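Undergrad: The residues making up each chain are set out below.
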Amino acid sequence: MKVTKIALILGLASTLPNLVNAATLEQVMKKGVLNCGVSTGIPGFSATDSKGVWKGIDVDFCRSVAAAVLGDASKVKYIPLTAKERFTALQSGEIDLLSRASTWTATRDTSLGLNFAGVNYYDGQGFLVNKDLGVTSAKELDGASFCIQAGTTTELNLTDYFKSNNMEYKAVTFDTSGQTIDAFKKGRCDAVTSDASQLYGLRIKLDDPKSAVVLPDIISKEPLGPVVRQGDDEWFNVVRWSLFATLEAEELGVTASNVDKQLKSANPSIKRLLGVSGKAGENLGLKSDWAYQIVKQVGNYEEMFENNVGKNSPLNIDRGLNNLWNKGGLMYAMPIR
Amino acid sequence: MAVYTMKEAKPAPSTSKGLVFWLRENLFSTIPNTLLTLLGIYFIYTTIPPLLDWMIFDATWSGTKEEVVKEGARWIFIIEKFDQFMYGFYPEALHWRPNLVAIISIIFVFFIPRLSSIKIKFVSMLLYPVVCFILIRGGLGLEVVGTEKWGGLMLTILVAAVGIIASFPIGILLALGRQSDNMPIVKTLCVGFIEFIRGVPLITILFMASVVLPLFFSDGIEFDKLLRALIGITLFQAAYIAEVIRGGLQAIPKGQYEASESLGLSYWQGMILIILPQALKISIPNLVGSFISLFKDTTLVLIIGLFDILAMVTLTNSDTSWLGFEIEGYVFVTLIYWVFCFSMSQYSRVIERRYNTDH
Amino acid sequence: MNNSKLPPTSSGLFNSPQNRAIIFQVLSLVVVVLCIFYFVNNMFDNVAKRGITTGFSFLGETAGFGVSQALIPYDDTSSTFLDVFIVGLLNTMLVGVIGIVLASIIGLMVGIGRLSSNYLIAKLSLVYIETFRNIPILLQILFWYNVVLAALPSPRQSISYFDSVFINNRGLIMPDPIFESGSGFILVAFILACISVVFLAKWASKRHDLTGEEFPLIRVSLAIVVVAPLLVFFVTGQPISAEYPALKGFNFKGGITIIPELLALIFALSIYTATYIAEAVRAGIEAVPPGQKEAAKSLGLKEHVILRKVVLPQALRVIIPPVINQYLNLVKNSSLATAIGYPEIVTLFSGTTLNQVGQAIEIILMTMAVYLVFSIVISLLLNWVNAKMEIKGR
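Protein chains in written order, with numbering that gives the first Met the number 0: chain G, 0 to 336; chain A, 0 to 358; chain Z, 0 to 393.
Note that these hints are calculated values from the structure, not bench results.
Since the structure is predicted, the reported quantities are computational estimates derived from the model, not experimental observations.
Some hints could be false.
With a straight-line Cα cutoff of 20 Å, these simulated SDA-like cross-link-like pairs (lysine to any residue) come out [said to hold, decoys possible]:
#: 1; chain 1: G; residue 1: Lys29; chain 2: A; residue 2: Gly145
#: 2; chain 1: Z; residue 1: Lys247; chain 2: Z; residue 2: Ile258
#: 3; chain 1: A; residue 1: Lys9; chain 2: Z; residue 2: Lys301
#: 4; chain 1: A; residue 1: Lys186; chain 2: Z; residue 2: Asn18
#: 5; chain 1: G; residue 1: Lys169; chain 2: Z; residue 2: Ser157
#: 6; chain 1: G; residue 1: Lys74; chain 2: A; residue 2: Thr146
#: 7; chain 1: G; residue 1: Lys30; chain 2: A; residue 2: Thr146
#: 8; chain 1: G; residue 1: Lys50; chain 2: A; residue 2: Val144
#: 9; chain 1: G; residue 1: Lys50; chain 2: A; residue 2: Leu152
#: 10; chain 1: G; residue 1: Lys54; chain 2: A; residue 2: Asp318
#: 11; chain 1: Z; residue 1: Lys247; chain 2: G; residue 2: Asn165
#: 12; chain 1: G; residue 1: Lys185; chain 2: Z; residue 2: Ser157
#: 13; chain 1: G; residue 1: Lys162; chain 2: Z; residue 2: Thr76
#: 14; chain 1: G; residue 1: Lys204; chain 2: A; residue 2: Lys64
#: 15; chain 1: A; residue 1: Lys6; chain 2: Z; residue 2: Lys296
#: 16; chain 1: A; residue 1: Lys6; chain 2: Z; residue 2: Glu302
#: 17; chain 1: A; residue 1: Lys6; chain 2: Z; residue 2: Lys301
Please take these sequences and the hints and turn them into a complete structure.
TA: Put into structure tokens, the structure is as follows:
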């Protein structure tokens with residue numbers, strides 16, 4: 000009896016390492032839900048409202064991918080991650096997609112086993128200071144203390160900036176952006192530095208948001224975008240083209256409210272986008288109405304932007320660099336054809 | 000050589016009684032003692048009245064936050080956010096489910112020791128966790144609530160309860176393994192595991208569980224974040240329980256082992272019927288102590304991004320319409336933890352007395 | 000349980016306890032090895048498949064981020080991740096050492112207070128223990144950090160003592176001593192004073208054995224250790240001066256700054272650990288047979304002499320093992336500093352570095368190894384103390 004047991008255990012153990020190794024797209028379709036890594040709370044990008052519902056431009060991107068892949072934007076499981084956890088969560092397969100205001104850098108793209116699928120927000124690092132300090136430019140911050148979130152590109156940029164300008168600074172690092180702004184509120188530091196978009200979000204968390212200003216200086220390039228695991232090109236394509244579809248929809252004037260009407264449009268580009276003609280969906284391994292579902296259920300890029308961080312939100316951030324290429328911005332979608 | 004001189008005899012102690020005598024004897028017996036007493040009274044005077052004022056007399060118990068005029072605690076914040084402190088993001092319409100689990104648990108704890116039939120006891124012990132799990136998570140016709148929505152006190156208690164229950168059998172096996180002198184390999188493995196776990200802080204184990212554990216499995220196997228934290232906590236607690244039970248095993252006289260053998264009992268029969276009941280009984284105070292530490296340690300799950308009751312303080316406080324209420328939040332959570340831990344330690348004293356069969 | 004002396008009752012392979020033990024051990028070893036093999040295999044598989052960099056070469060790379068407290072020279076732009084590791088390690092040890100000293104002092108006082116004949120003091124000590132022991136340490140750390148930090152003034156409104164020590168929400172700022180040439184003599188004087196105290200102690204104990212006379216050893220040694228370096232200080236023309244902190248721009252320049260994270264952490268850790276030490280002290284004192292105290296009393300010894308010469312030496316044997324365990328707990332609990340951003344090993348290495356480099360396995364294993372080394376060193380110390388304290392029969 001013992002011998003059979005041993006044999007059984009040995010047999011079992013030898014089969015274990017060869018368990019299913021399914022591709023992400025297939026897995027997501029099988030599970031019927033998209034595991035999407037978001038932040039623990041960056042207003043405008045990914046944060047819960049008072050009822051615990053996730054809102055934000057990054058959250059909308061998760062929903063777009065779910066709409067494209069599963070046909071239902073609500074089939075997303077949001078996994079809040081600290082800056083520290085985000086890449087390991089993706090590497091380890093806990094999440095299928097990381098949409099968490101992550102900066103695209105060479106190191107991250109090449110040495111972490113990750114791929115950036117595109118840029119959904121062009122950002123830059125800025126400073127938030129108290130008005131009564133009387134500071135108008137970052138150059139006047141010599142000797143100041145800065146509250147920063149640990150493990151971000153921000154931390155490295157700050158060093159570079161102060162070194163190249165021959166100034167001194169003190170860094171006080173925290174785990175989450177919430178702790179960062181809390182410490183600033185209590186006077187632990189003179190300024191908060193982070194991506195400029197986040198600073199506007201953090202400022203609302205002050206007792207008196209008008210007591211602090213975001214300085215005009217931008218000291219770095221911070222292209223933020225969705226991230227997937229390296230080595231799964233099929234999934235990478237789905238994520239990248241979901242992003243392009245939202246931009247293309249804006250460019251073609253397709254919005255959530257007029258998308259049904261646009262199905263009958265004669266414009267060949269719109270036809271190809273919405274799957275009336277062409278094989279874009281099929282080639283991606285998706286249904287032909289993938290982009291229609293994105294626009295119908297989530298909206299185009301303009302709608303995502305304005306509702307979460309732009310005019311229709313408390314952050315009220317200008318489109319700026321994030322405008323379409325033909326309107327003076329950097330947003331440029333590859334043609335769908 | 001030393002020369003010693005005779006000291007004078009001291010007067011006999013007084014035999015009088017009464018309040019004044021008690022005061023003089025206990026508070027003002029010597030000059031340093033009097034000074035200490037005065038210092039103590041001054042300390043109480045400077046801390047207790049302001050604290051009571053803040054917490055009770057000057058506190059705001061109702062109304063909206065715009066109407067707050069008093070200096071003391073603004074408990075309206077806690078009242079407003081009470082549901083989040085208790086259940087996290089658990090859907091409001093389904094709060095009856097964790098409530099029902101709480102009621103079942105109380106009934107369970109209360110009635111199990113009073114049941115006479117071993118079979119019913121055993122069955123209900125097996126059924127209880129299953130029922131609780133289905134009620135909280137859903138399934139079998141109940142709406143499923145994903146673990147990412149669990150939070151607050153509910154999550155704290157759940158993590159502690161699972162940690163305590165699941166670590167217990169593992170802890171016993173580890174303790175027996177460590178005590179098995181005739182099996183050096185098993186002993187080494189157990190000692191290695193126990194000492195490794197006890198040598199590192201819980202937070203590194205939680206990091207390991209939350210960040211590295213998924214890398215140990217193939218892609219197809221998926222773990223929930225909460226489940227991973229629970230695995231980490233269970234392994235951690237098992238090592239500590241093993242050490243407590245080992246202490247109990249060592250205290251059992253050798254005669255007991257020999258007696259069980261001479262009765263012809265096998266190793267497991269002897270352990271289950273003779274040795275373990277005695278060993279566990281002596282270990283009860285330390286076991287409860289270890290449970291209390293675990294209950295306190297559940298706060299660490301906030302560092303890996305789970306929303307236990309302590310994490311709720313920060314979370315509720317980042318609500319832009321309720322800024323600046325964190326002191327109330329901290330005090331509220333402190334009180335909850337204190338009540339739980341203090342009552343557990345008092346309960347252990349009661350049990351210790353009840354099971355004390357020494358004559 | 001030891002079956003080895005029994006003759007085998009049956010010749011079957013599984014009926015002999017020895018064989019059973021061997022088979023069971025082999026089985027469990029096989030299971031453990033298979034599990035480890037399975038995990039490690041998967042790990043390498045996953046790491047290779049995802050193109051994650053492995054190995055420890057990242058330690059030599061430039062870190063490039065700022066650290067709010069470093070005990071070794073640390074430069075944001077040129078220090079490597081190995082330097083970050085050492086900075087974190089030293090910061091952990093700093094908290095450990097200060098915390099242990101403070102917790103021992105508070106614990107000893109409260110433990111003795113718990114048994115005081117003064118009713119009020121005994122009850123206050125009890126309340127202290129029961130309050131702080133039953134609140135999670137993480138909650139205490141967060142509480143002290145957030146509440147106290149919020150209450151402190153900004154640098155421009157600092158609370159100042161003698162214009163040289165300042166307290167504000169950037170921390171506690173003290174003058175920084177500057178050692179000029181000649182200050183080496185003071186160090187020499189200090190060392191000489193210490194050596195002479197050792198000899199003095201030997202002489203005093205010898206004299207005590209012979210004549211029974213007490214020598215005020217503590218007072219005299221303190222005087223020697225303080226006075227000798229002081230004398231040299233003035234003789235050599237005051238070679239130590241201090242750099243006083245001064246408000247410049249945003250904050251104080253110069254001086255030593257103790258950051259508020261460190262203050263909150265040490266405060267919380269020592270208050271929490273002291274409750275356990277106090278209970279150990281109480282248990283130890285109560286373990287001394289009452290006859291010892293009565294005997295000492297009947298000899299006419301004063302209360303404090305009884306405590307110092309009769310009770311504590313005997314109680315220490317019971318007190319020290321649990322207290323050393325608490326020291327280990329304190330060091331392990333210091334890892335919770337990551338919640339308030341104090342730059343110790345978990346914050347700096349398992350936090351910031353992990354995030355910049357992304358090699359979770361190597362980094363977490365290194366962090367665990369640090370704590371394992373601490374724990375092994377402390378257990379060795381414990382064993383050594385236990386051996387030393389053992390009652391030696393004559």
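Undergrad: Against this structure, judge whether each hint is valid.
TA: Right, here's what the structure says about each hint:
no.: 1; hint: G:Lys29 / A:Gly145; in the structure: 18 Å, holds
no.: 2; hint: Z:Lys247 / Z:Ile258; in the structure: 18 Å, holds
no.: 3; hint: A:Lys9 / Z:Lys301; in the structure: 12 Å, holds
no.: 4; hint: A:Lys186 / Z:Asn18; in the structure: 17 Å, holds
no.: 5; hint: G:Lys169 / Z:Ser157; in the structure: 19 Å, holds
no.: 6; hint: G:Lys74 / A:Thr146; in the structure: 15 Å, holds
no.: 7; hint: G:Lys30 / A:Thr146; in the structure: 16 Å, holds
no.: 8; hint: G:Lys50 / A:Val144; in the structure: 15 Å, holds
no.: 9; hint: G:Lys50 / A:Leu152; in the structure: 18 Å, holds
no.: 10; hint: G:Lys54 / A:Asp318; in the structure: 14 Å, holds
no.: 11; hint: Z:Lys247 / G:Asn165; in the structure: 17 Å, holds
no.: 12; hint: G:Lys185 / Z:Ser157; in the structure: 14 Å, holds
no.: 13; hint: G:Lys162 / Z:Thr76; in the structure: 8 Å, holds
no.: 14; hint: G:Lys204 / A:Lys64; in the structure: 17 Å, holds
no.: 15; hint: A:Lys6 / Z:Lys296; in the structure: 13 Å, holds
no.: 16; hint: A:Lys6 / Z:Glu302; in the structure: 16 Å, holds
no.: 17; hint: A:Lys6 / Z:Lys301; in the structure: 13 Å, holds
The structure shown violates none of the earlier numbered hints.
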